[in-house]
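*Asks:* Spelled out, the chains give:
Number of protein chains: 4
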Amino acid sequence: MILRDPVHGLVAFDGADARVVPALLDTREFQRLRDVRALGVASMAFPGAEHSRFTHGIGAARVMARLLARVEPLAAELGVPLSPQDHDDAMAAALLHDLGHGPLSHLFEEVFPGMPTHEAWSSAAILDPDSGVHRVLASRDAGMPARVERLVHGIHPIPLLARAVSGTLDVDRCDYLLRDSHMTGARYGLFDLDWLLRALAVERTAAGARLAVDGAKGLPAIEGYFLARLFMYQQVYFHKTTRAAEAVLRGVFRRVADLAGEGRGPSVMPPTLARLARGEALSSVEYLRLDDTVLWSAVSAWCDDPDPVLASLARRCRARALFKTAPLDGVDSAYDDEIADAMRACVRAAGFDDRYHASLDVVEVVPFESASTDDEALRVLHAHRAPEPIERASFVLSRLAGTSLVRRHLIFPAEARDAVTKLVASRRDGA
Amino acid sequence: MILRDPVHGLVAFDGADARVVPALLDTREFQRLRDVRALGVASMAFPGAEHSRFTHGIGAARVMARLLARVEPLAAELGVPLSPQDHDDAMAAALLHDLGHGPLSHLFEEVFPGMPTHEAWSSAAILDPDSGVHRVLASRDAGMPARVERLVHGIHPIPLLARAVSGTLDVDRCDYLLRDSHMTGARYGLFDLDWLLRALAVERTAAGARLAVDGAKGLPAIEGYFLARLFMYQQVYFHKTTRAAEAVLRGVFRRVADLAGEGRGPSVMPPTLARLARGEALSSVEYLRLDDTVLWSAVSAWCDDPDPVLASLARRCRARALFKTAPLDGVDSAYDDEIADAMRACVRAAGFDDRYHASLDVVEVVPFESASTDDEALRVLHAHRAPEPIERASFVLSRLAGTSLVRRHLIFPAEARDAVTKLVASRRDGA
Amino acid sequence: MILRDPVHGLVAFDGADARVVPALLDTREFQRLRDVRALGVASMAFPGAEHSRFTHGIGAARVMARLLARVEPLAAELGVPLSPQDHDDAMAAALLHDLGHGPLSHLFEEVFPGMPTHEAWSSAAILDPDSGVHRVLASRDAGMPARVERLVHGIHPIPLLARAVSGTLDVDRCDYLLRDSHMTGARYGLFDLDWLLRALAVERTAAGARLAVDGAKGLPAIEGYFLARLFMYQQVYFHKTTRAAEAVLRGVFRRVADLAGEGRGPSVMPPTLARLARGEALSSVEYLRLDDTVLWSAVSAWCDDPDPVLASLARRCRARALFKTAPLDGVDSAYDDEIADAMRACVRAAGFDDRYHASLDVVEVVPFESASTDDEALRVLHAHRAPEPIERASFVLSRLAGTSLVRRHLIFPAEARDAVTKLVASRRDGA
Amino acid sequence: MILRDPVHGLVAFDGADARVVPALLDTREFQRLRDVRALGVASMAFPGAEHSRFTHGIGAARVMARLLARVEPLAAELGVPLSPQDHDDAMAAALLHDLGHGPLSHLFEEVFPGMPTHEAWSSAAILDPDSGVHRVLASRDAGMPARVERLVHGIHPIPLLARAVSGTLDVDRCDYLLRDSHMTGARYGLFDLDWLLRALAVERTAAGARLAVDGAKGLPAIEGYFLARLFMYQQVYFHKTTRAAEAVLRGVFRRVADLAGEGRGPSVMPPTLARLARGEALSSVEYLRLDDTVLWSAVSAWCDDPDPVLASLARRCRARALFKTAPLDGVDSAYDDEIADAMRACVRAAGFDDRYHASLDVVEVVPFESASTDDEALRVLHAHRAPEPIERASFVLSRLAGTSLVRRHLIFPAEARDAVTKLVASRRDGA
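Chains as they are written, first to last, in our numbering: chain X, 66 to 496; chain G, 66 to 496; chain L, 66 to 496; chain V, 66 to 496.
Hints were generated in silico from the structure; no laboratory data involved.
Among these hints, one or two may not hold up.
The list makes no distinction among identical chains, and a pair is therefore deemed to hold if it is satisfied within one copy or across any two copies.
Claimed, not checked - Restricting the straight-line Cα-Cα distance to at most 25 Å, the calculated cross-link-like pairs of lysine to any residue (SDA-like) are: (1) K487 to D323; (2) K282 to R319; (3) K282 to R131; (4) K305 to G219; (5) K487 to A203; (6) K282 to L255; (7) K282 to E480; (8) K305 to A325; (9) K282 to P178; (10) K282 to D70; (11) K305 to P194.
Using the sequences provided together with the hints, build the complete structure.
*Replies:* This is the structure:
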């Protein structure tokens, strides 16, 4: 099986890699991911970010295939080999890790109380005997769906496999950093994957093989990966326009949930969403009918909804008339709640319902997560010295370990801009 | 206004280029193009091909800005300057050239008799006083909507502008070859845009400035462009999986049209599509409610339609269970109709209605179109010699001029594969 | 063994590929190639073209490793496997194919009568028991130097190996097209190597495995390769500035040979060159003391030579005061000798000795060489049809087969420019 | 004037940029830089690093042209415009900043006492009325050579110009980070130049325009630049093989200086080097006869020198039989001198003269240099807040400011490896 990919170029799944990937690809559940954009509304800020979780899943499987090609011989040499079953489980888990992802980056999930997480939907879809994915996995061996379901959440007896699917340095991140960077055009996420894979080493532990870093040549590639991640958060995931677009869309769904809760609408409602709004339990097959096309076509329809608040918010989405943002840099965070209340008053004074039109947005990323357990620590192997944790071996990571990047914004309609700008300036001066 | 783009990198619309582009970008009609994928179902063959006509429109405007930066001083030097109004018209036309494009690459248009073309919808949207695009253009000067509408179709008194928007070598092609090549991962369309723009020259004609090629350094860049186009047709646009995916989707829409025509369904029908099916006339504002999200969410719903033919075809789309193809290379084309009839019999014998499940697919591209009028000829300017048509100056193009590449396939369900393969082999032997 | 390379990225020689490459790399003969620029004086036209035959040799070995990784399993499957010895011979031959290459692209070889060709020097260096290369090869098995020497010239019982080292589609060309394209910045040579390698297929013949092309997916990659080659000839190898720089340098060496022949100089003479000038026979070890540093430092010294003709020509090289060129496009080639004589008269009239300052430069490339023997034909393998020669299967190559691109220039000092321009124009008009 | 470049693609010097660049390019002094490799012996570690200071100089001029295109309108807007003369001075200084650079990265300069620095040679060459460069500059205006000579060293009344030529963020670094990264294949230096240039802002000061950073969008590009620099030091400039190769070559030149000082050789000696060894004063024209070709051809000749120490060291260079290195990570630096002495004893015990065969190598880089003067500080301009120093505005740089990366190695012949490894291990344990 050969594909072309804008990020990885020629992508071939040959030999062992072809045992499960092609059959999983052509299931309806995996094909659905074509219609779930990986970055949600980030394309409002970065037009090129139109790629889906489908291509990301293939990319993650591709990185896993290359990672296994690198580490399998090393693990075997150390006497802790991976079995063909381990190989297949890893490939399947890499491909399927986003299977239950809802449309539009969870935004609508937040407003429906009691919604299962997307991780829970992934599990449900893999374990549901009616899903195509389950049928493919079970046809290889009866225990495979259960194993893959666990592995998707980073749970596996062999530390290497667990962490390669979900860890500090995993195939999911490897692919999404490269892909998001490439598609947004932001470039900062373009670490050197070839060298990173070559930099991988294996340690033998009681539980089996475990990922490590080759101290002789591996460090810079791994440092590059962590810096790429930090940059992507700063530049793309925390971009003010993305945050503003999410705030508008969250307003739309909150209004829909409120209207539905009061039995007052909206006029057009996708059946699955209606059932979620009524708090009904859905099977994974039912849930997976939701994708970006269903929600965006609903948003389009709501532009003409009789409810003026919903119609106005929907139109903001469709004509990119987003909210504005004001950064709270230089303002003491102790005043955040107070300043948020003051902003809400400004928004109401401008004639908007602040429940849907105003928010205090606080996001945070930890550039380098110190390992909480020994299993999760990434260690650097030296030729003539004992291994050491990467945050000690690396000049740059030692400076970043233990730090946290926080971004705080007020988000509000343009009509309240002058008032909010004045408000923030007054607190900044007073801080 | 600054954007990032996976193809062009940093895209800035500054100075003159910022006079109309930003305002047009944030109209609802242009924002709609986010939900019209540029390559329709080609992502079935090339997963990365998920980009929209929105990013393509921005890209075409970017190429136009660079083209004007190159040719405006040359035209002024020759005494046939472009005016600021010409500049703005060109930028607007480049951005808006796909404005009326329907979803899913015309596929559904083909089955509804009497549908206006997408060019007609572009004109309608630009000329409709209710559209956001019209308002933006008219706010600059009252004649601008009419001029831009003409220019979008390659009609303008100044040959250079007419051909830069729609010609052998135009900004639309420049962007889509680069973009489609990049996104599909096919790479063959990656000609050297920097050099191509530098290679442009200007000739003075009675009607004003006209595009030409600098003979001292321009030829290879232009040759690269034409070869890139030929390769993209061979590799991507005529790819058998793309053709097969289109055939399935055409089957879906034909069935929908048939059911609607007979008043028998389908059970779920987007209102705009229903009106089209009834042959009602739509305003451009109404028509532009159609996008990929509306059609794909309908296709998803049709997977559960009571009509078994429609449900089965829709499920093929959604689980990528496409038709198969058999190339007719080596078979005399005189037998095409006969062999197509024989294939239809095979398909019926396999239990399928051949109206929806079988087709003879013939596509053709002319690698280098010889100019039919003097205005359209691309001429190479030499230092010490008279200009000559590019197909004479270029070693490669002289070999391609007058040729035509044709690809012929039979398309049918996998269940009929053996029968059709045998059929084609028998004709090939007999030919 | 891991390297980084601007063209191929991470280059690892592992496993079988590490059996001979690292040891050969660190021989003095191979290290010498660091000081032989791959494109000679082309950097006068393309400043970036400063890369050496050392990096090109590594690149060719890298392509060979990838080619073997692709075709070895295919050959084994067909029952015509390659042995480990074949593998090592192929790797060594790919690495060493340019071993005997003289400095400055043969330019000085042309002027010393009786000089062995660079192919002969390669053979001599591989077969000379005193060379480091010979020692490394012979240490593996006594027959290896002889086999590798033959293979370097494309002679081997297994057609696949012979043609992979030296054929229509060989690893030498694959690397130099990519590398020269990359370094010159000309870009046109950037075909898709990943896909090309994937496109390779194997045919079984009486003599063993033979290279072919996979008809299902391989054609465009191969077409891209041949077009890249044509473009590189048009753009880089036949560039007028490169041709002019070579003409100046040829003048330098011709003058040196003349002076040496008459026993009149030059004042500074590298010992090896002096012996060549005296017609003495050199061992390969002696000959390989010549590299670009020896010749360029001599040219620098000659800038102050008492002979005014030599000093002036040497200064032209060092300050890039090259000759001018006039293309003979549009002039009937039957007049070439006549027009060249007339140019020589113009050059003499301008005060220069035409033996060193004037030339008629005619170069030719065949875009697609039709195979003269069955072994050399590149055939396309189809699924349901008989193989066919690639020039029949390919739309583009069928148009190029049998054609030949010729470029003709007059080359002369700037002082004769007006006279020569007038001369050419008069013949063009009269033609 | 149009060039192609592997790093910057199409490089055009048009309009104002063409006033001095083309004439300076074709001087003998600038053409000499073709034969001075930018990274000296780093190609022993990174084979692709074969590029010269010639292409780097063009690249720096290209970056300067783009920087001026960005900042000139901003400076004019603030009432502190740059004059055409400023523009020309800046372009000339960017192009010529490395003019006096000696061959082989200063290595031979270190061993000849009293050698002027390469900066002094640059000044001399620009100010020497006999140089081609001086003639070109003086032909524009009589004061230009003096102004450009000052500016090459970062001295100019307008802070922006001074710092753009030689500062924390200058065109020299911009080009060499990109170029070295590209050519070595190390990639880590590939920051986003387009965005960096766009990120530049201008502040008005009493002395005139001054470079700053646009706080709204500039920070990540600037951070990327500083991280790229840190990575290149870690990966390339401090690479152990590069350090080892330099140590061997330093040994060669030290031996040559010793022999010459004692009047005992070497047998072959380039005239200019001989005069330097005798401590004679050279004119810049004489000095600039030295380039890599002169020194490398001398090293080749020394392989056969009667002095066995020189011959052996020269052969090490030519067959890449480099010294070995042992990192002193984990060893307290207080013991460095002691451990170096112990290593020298090991080297002597292995039969080598430690004056030429052993060294303690300590290198250091400051990732982010805090500004010592206000002029040199890089400040970030905010929309609604006061400017702040970049090390306060940037999350990453605030963690790196005030830090320093040090790398310490012992360097010695392979024959002493076991003894030195044991030595280092003993000190590491004991530390």
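*Asks:* Can you tell me if K282 and E480 fall within 25 Å by alpha carbon in one copy, between copies, both or neither?
*Replies:* This pair counts as between: shortest inter-copy Cα distance 24 Å, intra-copy 55 Å.
*Asks:* When no copy is specified for K305 and A325, does a C-alpha distance of 25 Å or less occur within a copy, between copies, both, or neither?
*Replies:* neither (30 Å within a copy, 46 Å between copies)
*Asks:* I want to check one pair: K282 and P178. Are their C-alpha atoms no more than 25 Å apart within a copy, between two copies, both, or neither?
*Replies:* Intra 49 Å, inter 38 Å, cutoff 25 Å: neither.
*Asks:* 25 Å Cα cut-off: does K487 pair with D323 within a copy, between copies, both or neither?
*Replies:* The answer is neither: 32 Å in one copy and 62 Å across copies each exceed 25 Å.
*Asks:* Using 25 Å as the alpha carbon limit, work out where K305 and G219 are close: within a copy, between copies, both or neither.
*Replies:* neither (31 Å within a copy, 38 Å between copies)
*Asks:* Checking K282 and R319: alpha-carbon separation at most 25 Å within a copy, between copies, both or neither?
*Replies:* Classified as neither; 51 Å inside a copy, 32 Å across copies.
*Asks:* Can you tell me if K487 and A203 fall within 25 Å by alpha carbon in one copy, between copies, both or neither?
*Replies:* neither (62 Å within a copy, 36 Å between copies)
*Asks:* Pop the pair K282 and D70 into one bin, within, between, both or neither, using alpha-carbon distances up to 25 Å.
*Replies:* The answer is between: 16 Å across copies meets 25 Å, while 28 Å in one copy does not.
*Asks:* Using 25 Å as the alpha carbon limit, work out where K282 and R131 are close: within a copy, between copies, both or neither.
*Replies:* For K282 and R131, the Cα distance is within 25 Å both inside one copy (18 Å) and across copies (23 Å).
*Asks:* Could you figure out if K305 and P194 sit no more than 25 Å apart (CA to CA) within one copy, between two copies, both or neither?
*Replies:* neither (42 Å within a copy, 34 Å between copies)
*Asks:* At most 25 Å between alpha carbons: which applies to K282 and L255, within, between, both or neither?
*Replies:* Result: close both inside a copy and across copies, 19 Å intra and 19 Å inter.
Violated hints, in rising order: 1, 2, 4, 5, 8, 9 and 11; the structure is consistent with all others.
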